Amino acid sequence: MVENVLTALFGDPFAVMNTIGLVAFAFVGSSKAIREEFDVFGITIVGLAMAFAGGVTRDLLVTRVPLALQSPIEIILGLLGVGLAIALGVVFNAPETHPITIVADAIGLASFTTAGAIVATTAGFPVFGIVAIGTINAVGGGAFADILLDRSPFILFEDFYATCAVLGASAYWFVGTFGAAGSVAAVTCSAAAVVTRLAAVSYDWTLPTVNDM
Amino acid sequence: MVENVLTALFGDPFAVMNTIGLVAFAFVGSSKAIREEFDVFGITIVGLAMAFAGGVTRDLLVTRVPLALQSPIEIILGLLGVGLAIALGVVFNAPETHPITIVADAIGLASFTTAGAIVATTAGFPVFGIVAIGTINAVGGGAFADILLDRSPFILFEDFYATCAVLGASAYWFVGTFGAAGSVAAVTCSAAAVVTRLAAVSYDWTLPTVNDM
Amino acid sequence: MVENVLTALFGDPFAVMNTIGLVAFAFVGSSKAIREEFDVFGITIVGLAMAFAGGVTRDLLVTRVPLALQSPIEIILGLLGVGLAIALGVVFNAPETHPITIVADAIGLASFTTAGAIVATTAGFPVFGIVAIGTINAVGGGAFADILLDRSPFILFEDFYATCAVLGASAYWFVGTFGAAGSVAAVTCSAAAVVTRLAAVSYDWTLPTVNDM
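Residue numbers (the numbering used here), protein chains in the order written: chain A, 2 to 214; chain B, 2 to 214; chain C, 2 to 214.
In case anyone wonders, no lab produced these hints; they're calculated from the structure. As the structure is a computational prediction, the values presented were derived from the model and not from experiment. Incorrect hints may appear among the rest.
[What the hints assert, rightly or not] Computed footprint of chain C on chain B; a stretch qualifies when at least three of its residues, placed anywhere within it, have a C-beta under 8 Å from a C-beta of chain C:
{"id": "1", "region": "71-77"}
{"id": "2", "region": "120-129"}
{"id": "3", "region": "148-160"}
[Unchecked claim] Listing some non-contacts, in silico: residues in chain A with all C-beta distances to chain B over 12 Å:
{"id": "4", "residue": "39"}
{"id": "5", "residue": "45"}
{"id": "6", "residue": "64"}
{"id": "7", "residue": "66"}
{"id": "8", "residue": "71"}
{"id": "9", "residue": "81"}
{"id": "10", "residue": "104"}
{"id": "11", "residue": "125"}
{"id": "12", "residue": "161"}
{"id": "13", "residue": "175"}
{"id": "14", "residue": "196"}
{"id": "15", "residue": "199"}
{"id": "16", "residue": "200"}
{"id": "17", "residue": "207"}
Glycine residues also receive a C-beta, built at the ideal position from the N, C-alpha and C atoms.
Given the sequences, and given the hints that come with them, work out the whole structure.
Quick look at the structure:
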């Protein structure tokens with residue numbers, strides 16, 4: 002019953018997750034560039050780089066031609082996210098640290114974790130490959146955007162960012178292995194990633210450094 | 002008639018464009034490293050990285066083994082560009098900002114845009130894929146060299162750099178679609194990219210930032 | 002006779018070299034992150050990034066699915082290196098510059114040069130491809146770790162780092178071409194790389210800069 006509703010809503014879970022992730026991450030990447038006072042061109046490039054870097058890396062790892070090169074729909078979704086960030090940047094002063102941006106980032110993280118887990122499962126990878134590809138799909142874009150902005154990638158400082166992707170992709174594998182439909186696995190994965198990420202931000206979860214030991 | 006002359010001159014447009022691009026970008030990459038006061042080894046590595054990063058990325062995106070790994074001719078062309086940059090660096094103080102370097106960079110940009118557009122067309126990509134692969138081939142090397150030098154890639158600040166590659170690759174597709182020979186499309190693409198790039202440098206074209214709005 | 006002993010010890014030279022390289026480079030990458038005062042999570046990510054980046058790049062260049070995504074053994078070896086670095090970091094103050102780390106780095110360099118040369122030879126590349134892939138396998142991890150830590154990759158400043166990999170991979174091709182068993186070629190390659198690297202560190206070998214000329 003729940004399965005039927007979800008399957009109706011998410012006819013193609015990959016397409017749904019990929020669409021959400023592209024818009025969300027283009028929005029977040031552009032917000033980072035706005036904070037660095039880039040012009041419209043630089044904002045667009047960083048937004049598209051954040052939206053596409055994770056998925057292109059995923060496609061290279063499963064040795065297929067990147068989706069983003071085969072369809073103009075993907076870049077249109079990316080440009081939509083860029084446009085939203087510019088609109089928000091005109092209205093607010095600090096788009097990168099605005100709660101909307103933090104929530105969009107968590108949603109993008111969860112969507113791309115799910116998209117990566119679906120692709121890896123379809124390509125026949127074992128559990129470790131599913132988790133690795135889901136995580137790379139989710140964190141690759143943000144890491145690449147930070148490298149372009151000449152920062153050390155924030156995923157190295159945020160203990161519960163890549164960790165949330167690992168949890169989500171593990172949940173995807175676990176639920177799928179127990180015979181649930183792909184749409185149920187996709188919803189479980191997304192929920193696990195987004196809930197742990199927002200909880201980590203809200204409660205400021207951290208892990209110790211070696212000097213604490 | 003024009004077609005016949007161009008075809009005679011450019012028997013294999015890809016080989017011509019790839020050769021010019023490798024020498025030009027190795028020269029520019031090495032000039033960047035000279036400005037940062039690297040030694041001969043570092044200059045060579047940055048020069049080769051700038052010459053090869055775009056083309057290797059292009060080959061990975063169309064899922065074929067990179068050309069640069071299959072033929073020693075490619076690295077010899079790269080080393081020629083490195084040698085020219087060292088010679089210029091000994092003669093002049095600031096090779097990175099010398100007009101020769103700026104022109105070489107525009108020529109490399111145009112050549113690699115064309116080389117990428119040819120590979121993508123041959124591989125059967127739609128127009129969006131041709132433009133994306135031409136642009137990545139053209140700007141990938143410079144962006145990677147800047148990341149190695151721990152700078153934010155200058156393509157993010159130069160509005161009319163990646164844009165020139167987009168224009169050139171679009172022209173390649175447009176001319177080719179209307180039935181012109183590959184050599185005519187290649188010349189059109191190169192001319193569009195190099196002319197817009199040199200005009201942008203000469204007249205200091207820029208786009209607005211969000212704060213201007 | 003020597004060949005028989007080596008083949009017995011190194012039944013599968015690739016597996017031996019890959020195992021040593023993964024532990025050594027995870028150890029070195031984690032030591033870099035400890036010096037930058039990252040927490041346990043960041044230390045783990047940088048260690049795994051250094052261990053896997055070279056081999057994944059190698060696998061992409063020969064267009065096969067990365068090994069690291071197909072087997073959990075690889076990540077377990079990486080985590081072992083991370084654990085050793087944390088243990089050493091608790092005991093000593095400066096794990097990155099400790100002699101143990103410098104020796105581990107030279108061993109990782111030699112092991113991954115050999116692993117890359119074996120893969121390229123098996124995939125049928127000519128001598129130039131063997132040297133390029135061996136070198137990229139060896140230096141890719143360290144360069145990527147430095148980029149993550151927002152440093153300019155140290156391979157650009159160390160004249161005898163990538164050079165040692167080039168020497169080792171050339172030796173692999175030379176010995177293999179003269180009909181020696183793979184295990185003999187592997188030992189020759191590793192020895193050439195590790196000896197030249199440790200000699201370069203001990204005697205502080207450098208090359209001139211353009212300003213010296």
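Each hint, compared with the structure:
For the region 71-77 of chain B, the proposed coverage by chain C is satisfied: 4 residues have a C-beta within less than 8 Å of a C-beta in that chain, meeting the threshold of three. Taking a C-beta to C-beta cut-off of 8 Å, the region 120-129 of chain B contributes 0 residues in contact with chain C, too few for the three needed, and the coverage statement is violated. Residues of the region 148-160 of chain B lying with their CB closer than 8 Å to a CB of chain C number 4, which satisfies the three-residue condition for coverage. Not every Cβ of chain B is farther than 12 Å from the Cβ of residue 39 of chain A; the closest lies at roughly 6 Å, contradicting the non-interface assignment.
For residue 45 of chain A, the condition that its CB be more than 12 Å from all CB atoms of chain B is violated, with the nearest at approximately 9 Å. A Cβ of chain B approaches the Cβ of residue 64 of chain A within 12 Å, the least distance being about 6 Å, so the stated non-interface status is violated. Chain B draws residue 66 of chain A into its interface by the beta-carbon criterion, the shortest separation being 6 Å against a cut-off of 12 Å. Here residue 71 of chain A does not stay apart from chain B, with its beta-carbon only about 6 Å from theirs, under the 12 Å limit.
Its beta-carbon lying about 16 Å from the closest one in chain B, residue 81 of chain A satisfies the requirement of being farther than 12 Å from that chain. Every CB of chain B is more than 12 Å from the CB of residue 104 of chain A (nearest about 21 Å), matching its label as outside the interface. The claim that residue 125 of chain A is not at the interface with chain B holds, since no C-beta of that chain comes within 12 Å of its own (minimum 18 Å). Residue 161 of chain A, annotated as away from the interface, keeps every beta carbon of chain B farther than 12 Å; the closest lies near 27 Å.
Look at residue 175 of chain A: its CB is around 31 Å from the nearest CB on chain B, clear of 12 Å, so calling it non-interface holds up. With a least CB separation of 32 Å from chain B, residue 196 of chain A remains clear of the 12 Å interface cut-off, as annotated. Every Cβ of chain B is farther than 12 Å from the Cβ of residue 199 of chain A; the closest lies at roughly 27 Å, confirming the non-interface assignment. Here residue 200 of chain A stays apart from chain B, with its beta-carbon at least about 32 Å from theirs, past the 12 Å limit.
Here residue 207 of chain A stays apart from chain B, with its beta-carbon at least about 27 Å from theirs, past the 12 Å limit.
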